[in-house]
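Enquirer: What follows is each chain in one-letter form.
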Amino acid sequence: MKLFVSEGNPHCLKVLAALEVTGAKCDVQYVNHEERVVPFLSRPALPALLLPSGLHLFSSNAICRYLFEVNGQDSSELCNQWLEWEATELQPALLQALHMAVLQGKGSEVSKVLQGPLNYLDQSLSKKNTPYLTGEAVSVADVVLWAALYPILSDSSLALGDRKSVKIWFDHGAAMHSLQCAAQKVLQGKGLQGMKSYMQKQPAPQSSQCRDTQPCNSSPAESEEGERLVSEEEIEAAALTWSKSLNACPLVANRQHPILPQEGKRNLLVTSALPYVNNVPHLGNIIGCVLSADVFSRYGRLRDWNVLFVCGTDEYGTATENKAREEGLTPQQICDKYHAVHSSIYKWFQIDFDYFGRTTTEKQTEIFSGDSTSTGFLVEDTVEQLRCESCQRFLADRFVEGTCPHCSYPEARGDQCDKCGRLINAVELREPQCKVCRQTPVIRSSKHLFLDLPKLETQLEQWLDKSTSTGDWTANAKQITRSWLRDGLKPRCITRDLKWGTPVPHPDFKEKVFYVWFDAPIGYLSITANYTDKWETWWKNPHQVELYNFMAKDNVPFHSVVFPCSLLGAQDNYTLVNHLVATEYLNYEDTKFSKSRGVGVFGDMAKDTGIPSDVWRFYLLVRASRGTGFSLLLGRHGYEKQL
Amino acid sequence: MALRELSSLEKFLGLKKPNKYSTQGDKKVPVLQSNNGPALVGLVTIACHLVKEAKRPELLGDSAESRAVVQQWLEHRVTKLDGCTKEDVKTVLKDFNLYLQDKVYLAGNQFTLADIFMYYGIHSLIVELAIQEKEQYMNVTRWFDHIQHYPGIRHHLPPVAVLRNRIYTGRHH
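Chain order of the listed sequences is Y and Z. Each step along the first sequence adds one to the number in the numbering used here, with nothing skipped, and position 553 is 553. Each step along the second sequence adds one to the number in the numbering used here, with nothing skipped, and position 14 is 14.
Since the hints were made in silico from the structure, they are not lab data. Any given hint could turn out to be false.
Non-contacting residues of chain Y with respect to chain Z, defined by C-beta distances greater than 10 Å in every case (computed) [unchecked claim]: (1) Asn32; (2) Gln479; (3) Val615.
Covered by chain Z, according to a simulated footprint, are these stretches of chain Y (three or more residues, beta-carbon under 8 Å) [claimed, not checked]: (4) 35-49; (5) 59-66.
Everything numeric in this text was worked out from a predicted model, so none of it was measured. Just so you know, even glycine gets a beta-carbon here, dropped at the ideal spot from N, CA and C.
Looking at chain Z on its own, in the form it has when it is part of the complex:
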């Protein structure tokens, strides 16, 4: 899963040459071998590296504060979200929903790597929700739908329908 995310990220960033990744440990942590220097280990570490390589530093935040917020959510993704149990899902979604109440993106008004990786990580939870539940977590659904439609983000993941009724009938699509 992690490797697919990294390859999707590469596509989004427009990196021409896809990297070769390996994994280590039973948690299958991704590893990026480098020609000139030691290997980079860790999903978040590698993702940040790719962003720098593609010269898109704004994706990591454009101020010290937003950088901290981005790192916080990236860490949250690989600690609390990955491997969260069925019992935790409700709390995770509830808190996330409250957080997103007054924000367009995770870092406020700016689209960042945090949005990308929280989207990848939360996809499997959102897919399982019934329409009423999606409506219950209104802000999460709004943010999720926004991110999944963001150009170039959604590569390896199927789209999730969030609307109960299609606005346009089949003929107009």
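Chain Y extracted, bound-state conformation:
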């Protein structure tokens, strides 16, 4: 028999005290709070008792009960009652109280939280008029409750109020050598602060006052809040509207291109994040913005809103250069080839773009010339970059692989770590390697342009406050944006030493191009410009136009911070994002889809299965609506049943 305990863990007080009181023979082993002793529990549970038969006990009360029983003391019904009360009523309040006292420093509020249980205890004790909870002798109930309350009741700084019966009963326990011994082992004489490291590792308790997450196994009849039950009349009314009023609905007018904002109508400019061109799109891309945006646009048109839905392939950047090298073609040829692939796959999926374009057009370069390059929000600076001497060029981002400096993921790439999602600069990678030749690159200096995000921060925050409070932003988008702002904005490098990209229209930077993540959102503008000459009626018209950006969540910072800042910096009355919809990652089995790693189901495979695109659309939308991080479980029975 072996008992596993950890220091600073209040639950261990109970079992150690029980061990002392009963004098049971047992090995005791001290472990860390994170130690997973019990093999079938995902989260560490301590204390734990390994029984002679090989089974584990993870409930501290059950452990105490067992120790008492092997010592010859069975638990009475009253004992059971106290132990049940301790687990269901006292522990939740205690957890909250300890959280407040130890981590939040709110010692004064502890009294309110514990009022109910302590009063109950006081009343019961005074009614019974016996020295111990169940009679004249110490029982397991006494030991458990003394130990549970010890940290709180022995801390005189917490003004808990005067409860005479509790005090008398508690003092009996506190005087016992066994309890003091156990307390010393667990708290090491540090009182409540001895529990700090343990408490920090526990999930924050749900306050019993504000239960905004409804427990999912309460039957609907019992929960008064939660989903509103629809009445019979409401159902009938809805059915009536559906059958009759459908005829009264205006027919969706045939679209006249070019679609331009109209007076008196709701004008929605819908974009979905430009898929990167370098490979066949996979299902993650499709649900991760294009499909969602498509469904929304169709909905908008049915509602008679004036919707323009644009998208296109994002073609510049080092990944395309990579691919070009792999396939022995020029970057332009790669883009031509894969743009066609994207286009046809989206067509098969019935994505109804008003226009599906590309970023590699003249308009892109034109628009850049009139952009923030002329205003005061660009800064020049010299940057240290990784240069591969054997390949004879500066390596940026996708060409470098190394260990993430933040989370130690060994396959972090030079722009963003796949694992922790943090944006990094390639020079920050530990043990960097050139992706092409595997040599270790050296650090060299190069002059670059930076977008002065800190200078634009106030303007951005003003806009975000307005937009996030009045517009449709998904919770994850707001969260990600907030954490970016909280981490503090730094100037962001927007140029690169590459050939394949939008050339920088600045004489000092002739050999450089714009960083793909900076020029891609500008792609929205240039694609629209290719669609219509009057693109500025959409993009420089914030009063008439609402901009909806659809994307997967890893693109959020670029759409909520970097792009709006570029537009604000240009000071030309640009339309800024009003609504930002970010979908969670679609996982393939349990890993992330990845074009560059070749993991997942790709658009052309979907078509080859012979399953019609409507079915794929339905299945992806249903799975996406399930919430955070959904997985593509391959199996035919899933959708068959639902259809």
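On the provided structure of chain Y, position chain Z as indicated by the hints.
Expert: Positioned in the frame of chain Y, the structure of chain Z alone reads:
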């Protein structure tokens, strides 16, 4: 819900006279008034009392170890399972599934009160699972199906289908 469970338990135990229960507090904790002595408070406490009344002590475990295990799962039912949030469901089922890997019943090879109350408590979660999810938590489903078919257990709860295909066609039933 708690009161319905207790009444189902009474039926299972074959107790002739159903007790009258009341509840206390906003969590609606069941209370059993007694003619000769103080009231008993708490779902687990009352359930154990009923078992003793019906003279079926083996339902609480036949050794000190199994008694401890039974109490542990009863406590788990009224602390972690009741009121578990949507986020916790996956973990709860995953852990439970791993636990049941090598056991027929919660206490090993013996049917106990722990099986009854974990079944009552987990029913609403199992009902919500799709077939694939039930197959994912294979051991939980196996145990659940076993318990729900145990004679005399399933009174107030509808049966949950766990098989994708019925073994017998409709005609043979």
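Enquirer: Now tell me, hint by hint, if it's right for this structure.
Expert: So, going through the hints one by one against the coordinates:
Its beta-carbon lying about 20 Å from the closest one in chain Z, Asn32 of chain Y satisfies the requirement of being farther than 10 Å from that chain. The Cβ of Gln479 of chain Y sits about 16 Å from the closest Cβ of chain Z, beyond the 10 Å cut-off, so the non-interface label holds. Taking the minimum C-beta to C-beta distance to chain Z, about 17 Å, the non-interface status of Val615 of chain Y holds against the 10 Å cut. Given as covered by chain Z, the segment 35-49 of chain Y passes the check, having 5 residues with a CB less than 8 Å from a CB of that chain where 3 are the minimum.
Only when three residues or more bring their CB closer than 8 Å to a CB of chain Z does the claim for the segment 59-66 of chain Y stand; here the count is 6, and the claim holds.
Consistency with the previously given hints is maintained throughout, with no hint failing.
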